[in-house]
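K.L.:
If you want the building blocks of each chain, they are given just below.
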Amino acid sequence: MADETQRYALTAFFGPARREMVDHIPHCRRIGMEVVEIGPHRAIVRLPFRDELVGDPARGVVFGGVITTLLDHAGGLAVSCSLAELTPIATLDLRIDYLRAAKPGLALLGEADCYKVTSHVAFVRGRAWDVSQDDPFATCVGTFMLGSNPRESPMLRALREQQAKERP
Amino acid sequence: MRGRQALAAIPYSRFLGVRREVERDGLVCVLPFRDDLVGNAALPALHGGVVGAFLELTALVAAIDLVDSDRVPKPINFSVDYLRSVGPRDTRGRAEIVKQGRRIANVRVLAWQDDPAKPVAAGIGNFLL
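Protein chains in written order, with this note's numbering: chain D, 2 to 169; chain P, 109 to 237.
Since the hints were made in silico from the structure, they are not lab data. Just to be clear, a hint being listed does not mean it is correct.
[Said to hold, decoys possible] Over 10 Å on every C-beta distance to chain P, these chain D residues come out as not near it, computed from the model:
| hint | residue |
| --- | --- |
| 1 | A10 |
| 2 | V37 |
| 3 | D114 |
| 4 | W130 |
| 5 | S133 |
[Claimed, not checked] Label-pair ranges, simulated between beta-carbon atoms:
| hint | chain 1 | residue 1 | chain 2 | residue 2 | range |
| --- | --- | --- | --- | --- | --- |
| 6 | P | A116 | D | E153 | 35 to 43 Å |
| 7 | D | Q134 | P | E131 | 41 to 49 Å |
| 8 | D | Q134 | P | A116 | 31 to 39 Å |
| 9 | P | Q208 | D | R161 | 46 to 54 Å |
| 10 | P | R122 | D | Q163 | 31 to 39 Å |
| 11 | D | R51 | P | E131 | 27 to 35 Å |
| 12 | P | I205 | D | G61 | 23 to 31 Å |
| 13 | D | R51 | P | R128 | 21 to 29 Å |
| 14 | P | R128 | D | G16 | 41 to 49 Å |
Idealized CB from N, CA, C, for every residue including glycine.
Turn these sequences into a full structure, and let the hints steer you where they fit.
P.N.:
This is the structure in structure tokens:
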């Protein structure tokens, strides 16, 4: 689907470590989520290990639902990076397969790829890993609704303002 | 370990502040609203990941009630349908064991805010007991 003629609303933000993509979201700030890399149809986010995110105290493994947060967020960013205009989106469904336990003490990385966009729905797949991208501990598939709510989120507003500034 | 103790023993459950309440038709898990769980501050609405995690936790607690050992059942997969935006109020969730096998339990969860007839999210998953 990588089409060189395609225009993306967020082109100006493609690249590593764009704080705008997480800074305006209270929950992302709270758990320390960071954007690692962002580009057409894709995003990679990182979540530092924290004791409060553990789900199995005997093994020190992060709770599965935290991986949902990581991949939901990566998925949402991948969808936003597939659109020609800034559009509010909402997760419609997300399914996670837990391939193995995440290693205790390590940061979690999540990558999502938006492989199809229709007029109302975007389709995403993703994976999460700790040591190597080739050895994921979870995979996911999900769908997102486009134009989900008329009210602009603080992240969209900030991106729009930033976009206006960065436009030549 | 029983489900109620599990909520106190699991760090992430303490982080979310999830508690268990007895209602007329059974046990529910309650996720109290907090500003730092918000994903979209304009609505405001809880982060989708938090909603998914709450559903999975509600399912896990029900799975823990099935086993005698102190081992926490391992999730194999979990799927969430987001039905409505989840507003700045407490969220309640109820789990139902669809099937308990020798090694696997299939658990379904429904979450709502004001009216159980208007669910905000639904989840289903398999756990290794």
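K.L.:
Each hint should be assessed against the structure and marked as holding or not.
P.N.:
Each hint tested on the structure:
no., hint, result
1, A10, "18 Å, holds"
2, V37, "17 Å, holds"
3, D114, "18 Å, holds"
4, W130, "17 Å, holds"
5, S133, "22 Å, holds"
6, P/A116 / D/E153: 35 to 43 Å, "40 Å, holds"
7, D/Q134 / P/E131: 41 to 49 Å, "45 Å, holds"
8, D/Q134 / P/A116: 31 to 39 Å, "36 Å, holds"
9, P/Q208 / D/R161: 46 to 54 Å, "51 Å, holds"
10, P/R122 / D/Q163: 31 to 39 Å, "37 Å, holds"
11, D/R51 / P/E131: 27 to 35 Å, "32 Å, holds"
12, P/I205 / D/G61: 23 to 31 Å, "28 Å, holds"
13, D/R51 / P/R128: 21 to 29 Å, "24 Å, holds"
14, P/R128 / D/G16: 41 to 49 Å, "45 Å, holds"
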